[in-house]
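**Student:** Listed here are the chains, written in short residue letters.
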Amino acid sequence: MNRYFYIDAEGKQKGTFSPQELQQERLKRDTLVWTQGMEQWKRADEVEELQFLFSVSSTAYQTASENPVNPYPQPPYAGDNYRPMPRTWLVESILVTILPFLLCGNLLSLLGIIGIVYAAQVESFYNRGDFAASAESSRSAGKWTKIAMWIAIGWLLLTVVAVILFFVFVGSLAGLEELITT
Amino acid sequence: MGVAVGILLVAALFLFYRFDPETQPLFPRCPFFLITGYQCPGCGSQRALHSLLHADIGTAFKQNAFMVLAIPYVFLGIYLQYLGGKLRHPRLENIFYGRWSAIILLVVIFAYWILRNLL
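Quick note, the sequences are listed as chains A and B, same order.
Be aware that the first sequence starts at 1, since it is given in the numbering used here, and climbs by one per residue.
Be aware that the second sequence starts at 1, since it is given in the numbering used here, and climbs by one per residue.
Everything labelled a hint here was simulated from the structure, so no lab data went into it.
Honestly, I wouldn't trust all of these hints.
Between beta-carbon pairs, the in silico distance windows are [unchecked claim]: (1) B:A4 / A:S55: 52 to 58 Å; (2) B:Q24 / A:E25: 43 to 49 Å; (3) B:Y73 / A:A162: 25 to 31 Å; (4) A:Q40 / B:L118: 40 to 46 Å; (5) B:A55 / A:Q36: 52 to 58 Å; (6) B:G6 / A:A162: 52 to 58 Å; (7) B:Q39 / A:Q36: 55 to 61 Å; (8) A:S55 / B:P90: 37 to 43 Å; (9) B:F14 / A:Q51: 50 to 56 Å; (10) B:Q24 / A:S124: 55 to 61 Å; (11) B:F19 / A:S124: 43 to 49 Å; (12) B:I114 / A:Q51: 57 to 63 Å; (13) A:E25 / B:G6: 54 to 60 Å.
As the structure is a computational prediction, the values presented were derived from the model and not from experiment.
Note that CB positions come from ideal geometry on N, CA and C, so glycine has one too.
Work out the full structure, taking the sequences as your base and the hints as a guide.
**Tutor:** Below you can see the structure in the form of C-alpha cells.
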C-alpha cells in the first residue's frame with residue numbers, strides 16, 4: 001500500500017497517509033499528492049489509487065473544485081524530482097528523552113533515545129537520496145516516540161493520583177484520631 | 001486530549017510546589033539509584049523542580065544542574081513544535097533541534113551521568 005504526501009490549502013506539506021487515511025483529510029480533486037515512484041506532484045483525481053475518494057460519497061467537495069483558480073499550481077518547492085522529506089520526529093523524540101527524567105522514568109528515556117537515533121537517520125538518508133530508507137526511519141522514530149510518550153503520560157497520571165490519594169489517606173487518619181480522643 | 005494533559009501537568013506542578021520531594025515519601029524514586037547506589041542523570045530533578053518553583057535557583061542547580069538547564073530548552077522545543085515556532089524561526093530549529101544537537105544532547109547526558117558520580 002502506497003503512503004501519500006499532500007499539499008494542503010496553506011501550501012504546507014502533510015504526510016504520510018494511506019489512501020484510507022486520506023479519506024479523513026478532505027482532499028479536493030485538485031489537491032496535489034505525491035507518493036514513492038511518482039515523477040512529480042499530481043492532482044489527487046489523476047492518481048488511480050485515489051479515485052475512490054471522489055466517487056459518489058464525496059460530491060460535497062466536487063462543487064468546490066469545479067472552478068479551481070489554478071488547477072496546476074507548481075509544487076511549492078523547486079525542482080522536478082523533488083521528494084518531500086518525511087517527518088523527522090526530532091523535537092518530539094528529544095522531549096520524550098528529557099522529560100521522563102523528571103519523574104524518575106529513566107527507562108523511558110531509553111525509548112526516547114531509540115527514537116532520537118531513528119529521527120537523526122531520517123535526514124541523513126534523505127540527504128543521501130535514499131527516500132525509502134528515510135521514510136522507514138521516520139516511521140520507526142514516530143513509533144518509538146509515541147510509545148514513550150504514552151507511557152510517560154500514564155506514568156505522570158499514576159504519580160499524581162498516587163500522591164493525591166496518599167494525602168487524602170493521611171487526612172482521613174487525622175480524622176480517625178479525633179474520633180478516638182473524643 | 002491536550003486539555004487533559006494540561007490539567008495533569010498543572011496538578012503535578014502544584015504538588016511539586018506544595019510538597020517537598022525531599023521529605024515526602026510518595027514521590028517516585030529512581031530505580032537506577034535504588035539498585036546501584038549511583039545517581040542517574042535525572043536524580044534530584046524533582047527536588048530541583050521544587051526549588052525552582054520556590055525561585056531558589058542556586059539550590060536547584062546543586063540538586064540537578066542538567067534539569068535546570070534543560071527546562072528552558074524543553075520550552076523552546078514545545079514552542080517550535082506545537083506553537084508555530086518552526087515556521088517563524090526555522091533557523092532556531094536547525095540549531096537547537098537538528099541532527100547534531102540531538103547527538104550533542106546525548107553526549108551531554110552521558111557526560112553528566114558519569115561526572116556527577118565521580119565528582
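**Student:** Which hints from the list above does the structure break, by number from lowest to highest?
**Tutor:** 1, 4, 6, 7, 10, 13
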